[in-house]
Amino acid sequence: MMVKIEAIVRPEKINDVTAALESIGCGGFHFVNVTGQGQQKGVEVFTGRGAALTHRSSLPKTLLVTVVPEEQKEEVLQTIIASARSSEEGTIGDGKIFVSAIAEVIRVRTGERDLDALTPSNGE
Amino acid sequence: MDSGNIAWMLMASALVLFMTPGLAFFYGGLVRGKNAINMIMYSFTAMGVVSVVWLLWGYSLAFGGDGSFIGNFDYLGFQNVDPDIGPDGGYNSMTIAVFQMMFAIITPALITGAIAERFKFKTYLIFLVIWITVVYAPIAHWVWGDGGWVLEMGAADFAGGTVVHINAGMAAIAAAWLVGKRRGVDRGVEPHNVPFVILGAGILWFGWFGFNAGSGLAADGVAVNAFLVTNVAAGVAALTWVVLSYLQTGKMSAVGAATGAVAGLVAITPAAGSVGPMGGLAVGFGAGILTYIAVLYRHKFGFDDALEVFAVHGIGGIWGALATAIFAVGGVGVIDGEFELLGDNFVAVVATMGYSFIATLVILKILDLVPGLGLRAEESDESTGLDISHHGERAYVSDGAD
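From first to last, the protein sequence lines stand for chains B and U. Each residue of the first sequence is one higher than the one before, counting from 1016 in our numbering. Each residue of the second sequence is one higher than the one before, counting from 6 in our numbering.
If we strip away everything but chain B, and leave its shape as in the complex, we get:
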């Protein structure tokens, strides 16, 4: 079984999160800068010529995606949580994590499938 973990984190935390993931042996992920809003709400920005502020639901966040074996799920989740929190107890705006099942994984180079495709292969 494999799961996909999608974590929305603060942009300024993404380097901490990726370093922490590598340190526990989760070396495959990608991330992308996104905008949106949660409890923290969006941003106030100037529109037009700088005389009026308007609300935009476009707070900058970073979305990190990784797919791991089911057994590794809990460790990865705890690692992300620990490295993405902006304080000991956490603060509104620290992010959210979504976990879902993955049907199939295929490594393009070798055609290996599922768990074989997720674990590092030295190749021939």
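These are computed hints drawn from the structure, not numbers from a lab. Heads up, some of the hints might be wrong.
Pair by pair, the computed Cβ-Cβ distance ranges are [claimed, not checked]:
id, chain 1, residue 1, chain 2, residue 2, range
1, U, Lys127, B, Val1120, 49 to 57 Å
2, U, Lys127, B, Gly1053, 44 to 52 Å
3, U, Gly189, B, Glu1127, 42 to 50 Å
4, B, Ser1115, U, Gly255, 35 to 43 Å
Just a sample of chain U residues kept apart from chain B, beta carbon distances all over 10 Å, derived [as the list claims (entries may be wrong)]:
id, residue
5, Leu20
6, Gly53
7, Glu313
8, Asp349
9, Met358
Computed from a predicted structure; not experimentally measured. Note that beta-carbon positions come from the ideal geometry of N, C-alpha and C, so glycine has one too.
Chain B is fixed; fit chain U onto it per the hints.
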């Protein structure tokens, strides 16, 4: 031939030309990313179209002869225009003709802020040719040409507050009104590239030294004074905008600072030859206050002057024309108890506003009715963005498909 004056006038001409690509970036940064190239192209193509029109007949219609309302055909194709005559040699001097060419280029480019993100580009190119001929050339003749009625009346417009700014501001209202509102911008448009806006405003500010300090047509004390008051007015107006935006919103807008600088430059344009350093400060401060209020309340009037051409160039220009008469030194200003110049400048402002608005309205109405032209871009083109639909290019290619 006076080589010192000619050297300065060629430099000043280059500075004024550089304002137009500066304007391109100023306006380009203010629109959405899907229309950035289109916005820049309005200004850049004006450098092509107006250069040709000015050479062939524009200069002659503006500065030939000594009629009251329009020039004649003496200088068609720059015939009888002599490169060996210095700027003090009258309108048969090529030095003046080339300096004035740059003014003619930037004026219609200013209007394009009002039609941003929705105007048919093909129609715009034709509009440029007609507008320079029918609107710009006559007003330039009134104000600056030998025998022009505004000049004869005694109104003072040193570098083009009426000819360039009020003219462009009124044409902007006419154009914004006829082309209609943009779709889907009720929640406001966030400028897509604020650094472009600042870059463009900086280039405009730099080029404006040629615009104002060159308008005395000589490298002398008048030019030095014009240079100084230009800088002071821009600085204080930028500062005024920043402070006002902070007082109102709690934040200091960079776009506001850029807008304020341009407003100060607009207002000092007619005044640069007649006010002193402290007068320049007053002109810039007043411009900052008035244009800020104008931008705040413009949207209540129901026309989509997308980039605030009227609020900045119209209101800034009107204030500048009146402020010229208020703060003029040498015993002709309101500060010395004289009101004649104020009256003359008021008449010049009203005449420019009326003629520019009506003539632009008529030109655009006709272009709207011509089969195959029309003013408004197709709805799907507008949604896609005019960069792709009109120019086949994207300002920002980041999908990696190449």
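Results for each hint:
1. U:Lys127 with B:Val1120: 49 to 57 Å: Holds: the Cβ-Cβ distance is about 53 Å, inside 49 to 57 Å.
2. U:Lys127 with B:Gly1053: 44 to 52 Å: holds, 46 Å
3. U:Gly189 with B:Glu1127: 42 to 50 Å: Given about 48 Å between the Cβ atoms, the range holds.
4. B:Ser1115 with U:Gly255: 35 to 43 Å: Cβ of B:Ser1115 to Cβ of U:Gly255: about 42 Å, so the range 35 to 43 Å holds.
5. Leu20: holds, 25 Å
6. Gly53: holds, 29 Å
7. Glu313: violated, 5 Å
8. Asp349: Holds, since 32 Å exceeds 10 Å.
9. Met358: At roughly 22 Å from the nearest Cβ of chain B, U:Met358 sits farther out than 10 Å, so the non-interface label holds.
Hint 7 from the earlier list is the only one contradicted by this structure; the remaining hints agree with it.
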